[in-house]
Amino acid sequence: MEAFLDFWAAYGSTVTFSMVNAFFALSTYAVLSAGVLSFTTVTFAAVGGFLAANMVGNFGLSIYAAFFLSAVGGGLASAIVATLFLRLESHWMALASLALVLITRVVVLNAPGLTGGVYGKVVPMSISQLDLLILLVVVTFIFYRLHNSWYGLTARAVREDAAVASTIGISPFRTQFIAFIVSGIVGGLGGAAMAFTLQFISPETYFVGMAFTMLASTVLGGSFHWFGPIVGALIFTALPATMQAVVPAIEDVAKGIALVLIMVFLPRGLIDPRAVGLRRAAKLREEREKRAAGENANG
Amino acid sequence: MISRLNFKAAASALAFGIAAMSGPASADPEPGEYKIGFIAEETGPVASAGLSFLHGAELAIEHVNAEGFAGEGVTLRMEKKDSGSDAARSVQALTQFIADRNVIAAACCILSPVAGAMEPVATNAKIPLVLYGATRPGLPKLPYVTSIVVLPGPQEVKMTQMLAEKLQPKTVTYFVNADNDGFQGRFKAAQEVMEKAGIETGGVVNILSNDTDFTAGATQAIGTNPDLIMVWTTQTPAGGIIAALRNRGYTGPISASDVIAPAPMWDRIGEALVGVPFPVSFAAEIAETDEAKAFAEAYQAKYNAVPDNYASQGYTAIRYIAQGLKSLDGKPTREALAQAMAAITDIEPNVYGGLPMRDGQADVQKALIAAWTKEGKIAAWEGN
Amino acid sequence: MYLFVEQLVNGWAIGSLYALFGIGFGLVFSTLGILNAAHGTYASWAAIIGYYAVVWYGVPFPVAIVCGVFGGGIIAILVDQLGFQPLRSRRVGLLGAFITSIGFWIILDSLAGFATGQQSLAFPARSYPNALVEIGLIKVSQIQLTIIASLIVVTVGIHLLIQRSRIGAAMRAVGWNDLAAGLSGVNSRIVILLTAFLAGATSGLAGVLGGIATNNVHFSLGEGLMLKGFAAVVVGGFNDVRGTAIAGIMLGIIEVFVAQYISTAFRDGVTYTLLLGFLILRPRGLFGSASFVRA
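Read top to bottom, the protein sequences are chains A, B and C. Just so we're aligned: 333 in this note's numbering is position 290 of the first sequence, and the numbers increase by one with no gaps anywhere. Just so we're aligned: 264 in this note's numbering is position 213 of the second sequence, and the numbers increase by one with no gaps anywhere. Just so we're aligned: 266 in this note's numbering is position 40 of the third sequence, and the numbers increase by one with no gaps anywhere.
By construction, these hints were calculated from the structure, which means they are not laboratory data. Beta carbons are placed, not taken as given, at the ideal position from N, Cα and C, and that holds for glycine. Do not take every clue at face value.
As the list claims (entries may be wrong) - Computed list of lysine to aspartate or glutamate pairs in DMTMM-like fashion (alpha-carbon distance at most 25 Å, straight line):
1) B:K131 / A:E338
2) B:K382 / A:E45
3) C:K365 / B:D278
4) B:K353 / B:E93
5) B:K86 / B:E399
6) B:K177 / B:E118
7) B:K221 / B:E433
8) B:K425 / B:E339
9) B:K177 / B:D151
10) B:K428 / B:E339
11) B:K247 / B:E433
12) B:K177 / A:D174
13) B:K428 / B:D318
14) B:K177 / A:D49
15) A:K326 / A:E338
16) C:K365 / B:E322
17) B:K192 / B:E130
18) B:K131 / A:D49
19) B:K353 / B:E399
20) B:K192 / B:D397
21) B:K86 / B:E123
22) B:K131 / B:E113
23) B:K382 / A:D49
24) B:K86 / A:E45
25) B:K131 / B:E84
26) B:K247 / B:E342
27) B:K177 / A:E338
28) B:K86 / A:D174
29) B:K353 / B:E130
30) B:K425 / B:D318
31) B:K425 / B:D278
Unchecked claim - Pulled a few chain A residues facing chain C out of the computed Cβ check, cut under 7 Å:
32) L80
33) L127
34) W135
35) A139
36) A142
37) L145
38) V149
39) A259
40) D295
Let the hints inform the model, and build the full structure from the sequences given.
Okay, structure coming up:
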């Protein structure tokens, strides 16, 4: 028991950061699952994070109210972004979202009244691990319901082939717009979670590093099922800590190699419903053949 | 009759020479090995400074153990984790140290935003955390968070006054980091001194920490026809700016800050640095005290390099913790150590020729004004 | 007035670096369909290789550049063959290749840190021509002239290669539709290797020249070039190197003047807003063609 407590004390914060990163990964997954490669989660997170910091710091709101407002803020930001970006062809949208990440940092730097500018902003409250876990479970449950809903079906159709989807009466624009809103809300929540976890946020908190981390987490875990991003975030966050224990001198190199190897050998990520489906189908076929063989033998 | 305590002190005086002179009456902490969690920045944007801090700290651990400084049978061991200057990674490293019961204190942080994120973690966990590099004022929070960083301030003012008197410039043009509050502060302090002396501001060229190309900035500064150019920027830009100014044919006087003191800066920029004065709290070549000379020699022997002002701060951080530990008796706790460290008013020994602590913050009033010579050595600057 | 013209030339030289880098970055994107996050590290490594060629072997300036350029090209080929080639048969698209490139970015960036001892290095002052040349009434340094000339030569060279030669036609064909190109007899393997090499070499040239001109050979050198080079490619149009060259120069000049006459704080903001504006309002860039099927 004591060993477990020691382990938990040492790696508890890694678990906390994994949970925070899981929000970002889920936010990225939200748009990716509708066929949109976008880095705008960083922007939504920045909106949510600085909103939460201001609400708690300047207006004395409770942490729950701050989370709610961050979700609303992220959602509103995503509505604006979606309106602008969804007119673009997919590759251009990816680039435009990257440009938006760069601009986000410039804006944060130059709005010291709201963000503290280069000084960054102290967040005078922190979130307990349990609260964070509950929030993540709630968000995950929503993703689970979405996955199995009519919306989930249309999103997968749009992702596979938007043109075909539109011929059977699905509006790719509407589906992707909803995806963006979900992404914005979850991204805003994640931004607030990051603010309450680090208790100090600065322009560097929400920048390219975060964009790459969350996308890598999502794809690594698997971008075809809601469980993938959560697994990916856990692994991608725990990787540096693990590598530090194993190969301290070259932990970054090892992290990069791990990423490349997973992409080369498991390009669809660790959690892949198609692979599960294929395995199940193969098993069924095998059983059917066995049964058929048995019938033949009997007959 | 010799009491047991005095006997013990006498024995350790025999064994360790000078070490025991520092307080025969005090009891030592329980013998054993104590770990210090050192959050290093061996990779990342400021790793070049990070290595100096780390080397200084490693040397201090060696010295403390060899001297038996922290008490009889008390040895220190460094537990090191690299943060790459990332706030989240630093916090994770600190919580891992907190979980390890043998870690008695921690040291961290070059970047002020990272230090800002560490403060609540250390305070909540009640572990002494010594900041060794972050220069924003107001970071320490007694008793747990303390800083041995020599903050900018008096040295900058002293150098600026010297420049105003010796060079008698009419106009001064400034380079300053638009995105670094520390250098903004130094620039404003210098500008105030100059303007009080009736010296005009020719222009202010703002740059950003990640900038690398300064030909345009240099052209702009030279265009203001200044009698003196003061460079208040972080390390990488400072070198680039001075090189660019000289490349663009500016031959007038330039001044800079302690960021140009480390030896790799000379290897990189070379002759353009000659005669550029900068204020610095510690420079091995012009240090006068025995402690400083011994430190510089030992550092040279171990790393084959001249210790810079970052190495001296890394060294000081560990010595500070050891000094706190020494004053405890029985089984030391983190809380007791933090209280003991907070009560320290002078760090002894130190390489600065006096290092008072005020409200958990090192407070050095002495200032050296130095400059590189043609031979690539640092010498005191007299205002030639 | 002289100040204005001198700053114009300064901006032109800085912009030429962005453009040089951007040409390499754009080649990979338009021909191979890879958004390569590791591209910046090619420039860092080229500068590091050039630096050590000078410091260890004392090679003259042009040889150092050639070393860096070849180094950049070879690293680009290695990354392509190790990381991207296995993905080609699986059709993982833009996303899979992008994640792989992030992996290589982390690896190469970290190794570059070790290679430089985490320090910022600089080419020894006497190892390259850096005197001031007076042209009319303004002063330009030799290294700036070298950079400006390099961009012109590279742009003309690559433009002719792509538009006029057989291999260039093959590159365009692969960029448009690699499957169809393969069916009509284009050896896509050679096209891939050549493109990767050219891209790495061009960005490597930007890295070496940038490292020399700024006295700053650092593992993060490529990252700075990457952000600005990316903007140059988008604004100029992905499938035309002339567009990238002009857009890069333009961005350099705008940056210098925004910093001088408005504020440094807005400098990057102007660049990125321009970038976003082009992406939303005119995604094909200044000179790109409208039919950009496969990015």
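Tested hints:
no.: 1; hint: B:K131 / A:E338; in the structure: 68 Å, violated
no.: 2; hint: B:K382 / A:E45; in the structure: 21 Å, holds
no.: 3; hint: C:K365 / B:D278; in the structure: 21 Å, holds
no.: 4; hint: B:K353 / B:E93; in the structure: 18 Å, holds
no.: 5; hint: B:K86 / B:E399; in the structure: 21 Å, holds
no.: 6; hint: B:K177 / B:E118; in the structure: 29 Å, violated
no.: 7; hint: B:K221 / B:E433; in the structure: 20 Å, holds
no.: 8; hint: B:K425 / B:E339; in the structure: 22 Å, holds
no.: 9; hint: B:K177 / B:D151; in the structure: 13 Å, holds
no.: 10; hint: B:K428 / B:E339; in the structure: 16 Å, holds
no.: 11; hint: B:K247 / B:E433; in the structure: 22 Å, holds
no.: 12; hint: B:K177 / A:D174; in the structure: 23 Å, holds
no.: 13; hint: B:K428 / B:D318; in the structure: 11 Å, holds
no.: 14; hint: B:K177 / A:D49; in the structure: 17 Å, holds
no.: 15; hint: A:K326 / A:E338; in the structure: 18 Å, holds
no.: 16; hint: C:K365 / B:E322; in the structure: 22 Å, holds
no.: 17; hint: B:K192 / B:E130; in the structure: 23 Å, holds
no.: 18; hint: B:K131 / A:D49; in the structure: 18 Å, holds
no.: 19; hint: B:K353 / B:E399; in the structure: 22 Å, holds
no.: 20; hint: B:K192 / B:D397; in the structure: 18 Å, holds
no.: 21; hint: B:K86 / B:E123; in the structure: 16 Å, holds
no.: 22; hint: B:K131 / B:E113; in the structure: 15 Å, holds
no.: 23; hint: B:K382 / A:D49; in the structure: 21 Å, holds
no.: 24; hint: B:K86 / A:E45; in the structure: 20 Å, holds
no.: 25; hint: B:K131 / B:E84; in the structure: 15 Å, holds
no.: 26; hint: B:K247 / B:E342; in the structure: 38 Å, violated
no.: 27; hint: B:K177 / A:E338; in the structure: 74 Å, violated
no.: 28; hint: B:K86 / A:D174; in the structure: 33 Å, violated
no.: 29; hint: B:K353 / B:E130; in the structure: 19 Å, holds
no.: 30; hint: B:K425 / B:D318; in the structure: 12 Å, holds
no.: 31; hint: B:K425 / B:D278; in the structure: 22 Å, holds
no.: 32; hint: L80; in the structure: 6 Å, holds
no.: 33; hint: L127; in the structure: 6 Å, holds
no.: 34; hint: W135; in the structure: 4 Å, holds
no.: 35; hint: A139; in the structure: 4 Å, holds
no.: 36; hint: A142; in the structure: 4 Å, holds
no.: 37; hint: L145; in the structure: 4 Å, holds
no.: 38; hint: V149; in the structure: 4 Å, holds
no.: 39; hint: A259; in the structure: 5 Å, holds
no.: 40; hint: D295; in the structure: 4 Å, holds
When held up to the earlier numbered hints, the structure conflicts with 1, 6, 26, 27, 28 and fits the remainder.
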